Amino acid sequence: MHRFILKRLLLLIPVLLGVSLLVFAIMSFTPGDPAQLILGENAPPEAVAELREEMGLNDPFLLRYARFVGNAATGDLGQSYTSGRDVFDEIFSRFPNTLILAALGVVIAVIIGIPIGIISATRQYSMIDSGSMFFALLGVSMPNFWLGLMMILLFSVNLGWVPSGGYSSWSSLIMPAITLGTGSAAIITRMTRSSMLEVIRQDYIRTARAKGVAENVVINRHALKNALIPVITVIGLQFGMLLGGAVLTETVFSWPGVGRMMVDAIRQKDAPTVLGTVVFLATTFSLVNLLVDLLYGFVDPRIKSQYA
Amino acid sequence: MTEQANTQDLLSIEDLSIVYEVDGETTYAVNGLNITLKRGETLGLIGETGAGKTTTALGIMGLVPNPPGRVVSGKVVFDGEDLLQMPKEKMRGVRGNRISMIFQDPMTSLNPVMTVGEQIAEVILIHEGVSKKASFQKAGEMLEMVGIPAVRAGDFPHQFSGGMKQRVVIAIALACNPDLLIADEPTTALDVTIQAQVLDLMKDLKSRYNTAMILITHDLGVVAQVCDKVAIMYAGEVVESGDIRDVYENTKHPYTRGLFGSIPDLDHSVGRLNPIKGMMPDPTDPPSGCKFHPRCPDATATCAASEPAPVLTETGHVARCLMLQSMVEPTDVNRVQG
Amino acid sequence: MSQEMTLDPAQGQLDKSPAKGAPKKRSQWLEVWHRLKRDKMAMLGLLIITLVVLAAIFADVIADYETVVIAQNLSDRLQGPSAQYWLGTDEFGRDIFARIIHGTRVSLMVGVLSVAIAIVMGGGLGAVAGYYGGKIDNVIMRVMDIFLAVPSILLAIAIVSALGANLMNLMLAIAISSVPTYARVVRASVLTIRDQEFIEAARAIGASDLRIIFRHIIPNCLSPVIVQGALGVAGAILSTAGLSFIGLGIQPPEPEWGAMLAGGRQYLRHAWHVTTFPGLTIMITILALNLLGDGLRDALDPRLKH
Numbered sequence: 000m001h002r003f004i005l006k007r008l009l010l011l012i013p014v015l016l017g018v019s020l021l022v023f024a025i026m027s028f029t030p031g032d033p034a035q036l037i038l039g040e041n042a043p044p045e046a047v048a049e050l051r052e053e054m055g056l057n058d059p060f061l062l063r064y065a066r067f068v069g070n071a072a073t074g075d076l077g078q079s080y081t082s083g084r085d086v087f088d089e090i091f092s093r094f095p096n097t098l099i100l101a102a103l104g105v106v107i108a109v110i111i112g113i114p115i116g117i118i119s120a121t122r123q124y125s126m127i128d129s130g131s132m133f134f135a136l137l138g139v140s141m142p143n144f145w146l147g148l149m150m151i152l153l154f155s156v157n158l159g160w161v162p163s164g165g166y167s168s169w170s171s172l173i174m175p176a177i178t179l180g181t182g183s184a185a186i187i188t189r190m191t192r193s194s195m196l197e198v199i200r201q202d203y204i205r206t207a208r209a210k211g212v213a214e215n216v217v218i219n220r221h222a223l224k225n226a227l228i229p230v231i232t233v234i235g236l237q238f239g240m241l242l243g244g245a246v247l248t249e250t251v252f253s254w255p256g257v258g259r260m261m262v263d264a265i266r267q268k269d270a271p272t273v274l275g276t277v278v279f280l281a282t283t284f285s286l287v288n289l290l291v292d293l294l295y296g297f298v299d300p301r302i303k304s305q306y307a
Numbered sequence: 000m001t002e003q004a005n006t007q008d009l010l011s012i013e014d015l016s017i018v019y020e021v022d023g024e025t026t027y028a029v030n031g032l033n034i035t036l037k038r039g040e041t042l043g044l045i046g047e048t049g050a051g052k053t054t055t056a057l058g059i060m061g062l063v064p065n066p067p068g069r070v071v072s073g074k075v076v077f078d079g080e081d082l083l084q085m086p087k088e089k090m091r092g093v094r095g096n097r098i099s100m101i102f103q104d105p106m107t108s109l110n111p112v113m114t115v116g117e118q119i120a121e122v123i124l125i126h127e128g129v130s131k132k133a134s135f136q137k138a139g140e141m142l143e144m145v146g147i148p149a150v151r152a153g154d155f156p157h158q159f160s161g162g163m164k165q166r167v168v169i170a171i172a173l174a175c176n177p178d179l180l181i182a183d184e185p186t187t188a189l190d191v192t193i194q195a196q197v198l199d200l201m202k203d204l205k206s207r208y209n210t211a212m213i214l215i216t217h218d219l220g221v222v223a224q225v226c227d228k229v230a231i232m233y234a235g236e237v238v239e240s241g242d243i244r245d246v247y248e249n250t251k252h253p254y255t256r257g258l259f260g261s262i263p264d265l266d267h268s269v270g271r272l273n274p275i276k277g278m279m280p281d282p283t284d285p286p287s288g289c290k291f292h293p294r295c296p297d298a299t300a301t302c303a304a305s306e307p308a309p310v311l312t313e314t315g316h317v318a319r320c321l322m323l324q325s326m327v328e329p330t331d332v333n334r335v336q337g
Numbered sequence: 000m001s002q003e004m005t006l007d008p009a010q011g012q013l014d015k016s017p018a019k020g021a022p023k024k025r026s027q028w029l030e031v032w033h034r035l036k037r038d039k040m041a042m043l044g045l046l047i048i049t050l051v052v053l054a055a056i057f058a059d060v061i062a063d064y065e066t067v068v069i070a071q072n073l074s075d076r077l078q079g080p081s082a083q084y085w086l087g088t089d090e091f092g093r094d095i096f097a098r099i100i101h102g103t104r105v106s107l108m109v110g111v112l113s114v115a116i117a118i119v120m121g122g123g124l125g126a127v128a129g130y131y132g133g134k135i136d137n138v139i140m141r142v143m144d145i146f147l148a149v150p151s152i153l154l155a156i157a158i159v160s161a162l163g164a165n166l167m168n169l170m171l172a173i174a175i176s177s178v179p180t181y182a183r184v185v186r187a188s189v190l191t192i193r194d195q196e197f198i199e200a201a202r203a204i205g206a207s208d209l210r211i212i213f214r215h216i217i218p219n220c221l222s223p224v225i226v227q228g229a230l231g232v233a234g235a236i237l238s239t240a241g242l243s244f245i246g247l248g249i250q251p252p253e254p255e256w257g258a259m260l261a262g263g264r265q266y267l268r269h270a271w272h273v274t275t276f277p278g279l280t281i282m283i284t285i286l287a288l289n290l291l292g293d294g295l296r297d298a299l300d301p302r303l304k305h
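The listed protein sequences derive, respectively, from chains A, S and L.
Position 110 of the first sequence, counted from 1, bears residue number 109 in numbering that gives the first Met the number 0, the numbering being contiguous throughout.
Position 292 of the second sequence, counted from 1, bears residue number 291 in numbering that gives the first Met the number 0, the numbering being contiguous throughout.
Position 108 of the third sequence, counted from 1, bears residue number 107 in numbering that gives the first Met the number 0, the numbering being contiguous throughout.
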């Protein structure tokens, strides 16, 4: 088991190197001269050229990339072109805000999605089933930034119940978390339902019934654990997606998280910050996926025995 | 010997009909089926795939998937009580306890995320009102009984071979010492060598506990080896049934004859096998009259018109053929046409 | 000797699906269409999509681009829905209904073209990986893994922010970020088809790799690609709106649903309609595509139907 985890962690290294190379390469296409950006429009050309040399911008691409990776490994993602602050520190001071939002979103999605998915599956074709499937489809189809705006319109502007943005108290969390969780709730509902429907047709469910097991135990004990195995992957993926998708929600709610930091950096052409945030979020996403894979082993004994 | 419910009968199925309704189309899976079984007896239920054998078994267990399945009519009298009228809660107490079932495919019959010990203990825990610890204790004993070391109770199904899994399934089925065991093709999914072992095990345990058994199969050899009685099913009906020796020796129904004719026989040298012509009728649109007439070598015009009733043969078993009712002169209509 | 029938007793259902890989290709698609026609929700989706397509085609007939859609009319700004302006006007006094109608063009174009690009690139990579296997497969799929390690919206944001926000880059960004999905889908179906006997047979009579890929493998993995494609167009339209919302997509004054929504954001308090209607349009369009996608999946593979 430990060896398996170690192996998976080691496998993560090439993926992260690839991700950073990919993002680094994309960002190097950004037009404009960072040195000019830092020194301002009216800086003398000699000063700009000097700064370029100093920043190593004239070095070959691979050398710059290697330097970036070397620094990143020691927790140095460079300084913001616009504010001059350390990108890594800035990300870390904001990350808890993004994390709490994404985590709460996933919790909401799971609390709503799994029970409704189970009920839908056990009463296939009933009114409850059709109704919840319609709402799930609606949830999948709704742009979440629009849902956020509509909630602001209703609950902040018209009813005045919760603040429309910023992070002042716990009540600021409610709307962004719901906004973020709705789409995932819909996806988890659909996944749980179809997985459950698949499982309750299996022979071992018939065996359980033939043993005289009560119907609710058949569903909650025999079927659910099997049905949740694929759902766990989806939950993990959703969590990762929410970390990334927080970009839009954070913009809507002026949430002081990593996502909005990135959007602001893009507007200000602050390349180190953009690069840093994307690489950081992608790394988190990969780590979450790894965690999910490991969790899998605890739920599915068939996989667990492969670890040994 | 028409269907007067004998008080000694453990199981008496009367006029059972089950249909499946899918997309407005009705599949007639079981049609007016009659079967009786005494304590300790073994009945072989034989028929082609799709004859309605498994549906019959699920009907007895009260496990016909609904929807799409539905029991349309009939009685399943078990130990004096009609199971079809029994309240759900009470029926659950019968299932796995007094009647249990072994399914066809051991590879998929066990829950992959529960240990085999848990799965055996569960049935004991439900029906015997013992402590959790005692149920696991007994689960271990059951494993030993079917020839698996009790220490393996903590293993998961994927750690066992197919034959071992079927042994586990048998252990689950016999854990509460049932009066009736329904085995739905318990050996078809297994290797030939394992088949014999599993069959011997079932035969042995059955006689040890005086359990009645319905053995569903399309393997006539297995029936001859294990069963006291036999019922041959065709298109949802029993076409011939009775004491095994009598049915094998004094076969009356053309379908049964056809089944025997399609088995290679080591004792007699036959030029070629005689498979039954044609295919089983479409169960959504069964033929009129005798359901076997389109394939019957002896069919006449009458066979397409009227339905045969069960007739007691002179040697003492039941067959369902119009010729036995002396309504039809045996002529080779189909053969001439073919 | 063989008396086996195709009737499964456990299910009591006849297997009536036509033989796979049969030469009756046309009737197979006809069959799919017949099944799809019976799915009321999928038909509703198709109807809505047809309306959206018609709106895109006849946008110029409904409202003139230069004088109505982009010309500012500050005296009529932020007016609520009325007989003159069905869905009201935006912050520059432009008719929101007319802008939504013209917005269908951008959304459909980005949606369809980016999916087409992604299918060609991803499908090609997936087919090559699945067909040749071994080292090639390994290299391609590891690269795809790297792309998948970045949430697709982040990847799209990074690409657009580096290349600059315009229509072409937007399509490219969305296409590239969904390439791995198609590569995976196609690779998976190629792997299941590759070892089937009719491929062996084709190889035995001396068919070239290219011929086998184009004549045998691609037609046989169309269904999952079609389903993924329908859902992919929905995803692409959502991404377009999202990117435009944060200013990385279509630039004003061109009408795009997400950008319109963003424009109305600061007037939420006084002019709810500016954000509400473009959002509703996005939702209905995506809903329709999802309905059709789900219906197509069921119709193409009835065994998976729940």
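Be aware that one or more of the hints could be misleading.
[To be verified] In silico lysine-lysine, DSBU-like type, Cα no more than 30 Å apart, as pairs:
hint : chain 1 : residue 1 : chain 2 : residue 2
1    : A       : K224      : S       : K89
2    : A       : K224      : S       : K74
3    : S       : K276      : A       : K224
4    : S       : K87       : A       : K224
5    : L       : K134      : A       : K6
6    : A       : K224      : S       : K205
It should be emphasised that the hints constitute simulated quantities derived from the structure, not laboratory data.
This one's a predicted model, so the numbers in the text were calculated from it and none came from an experiment.
- request: Could you check the structure against the hints above and give me the numbers of any it violates, in ascending order?
  value: Of the numbered hints, 2, 3 and 6 do not hold.
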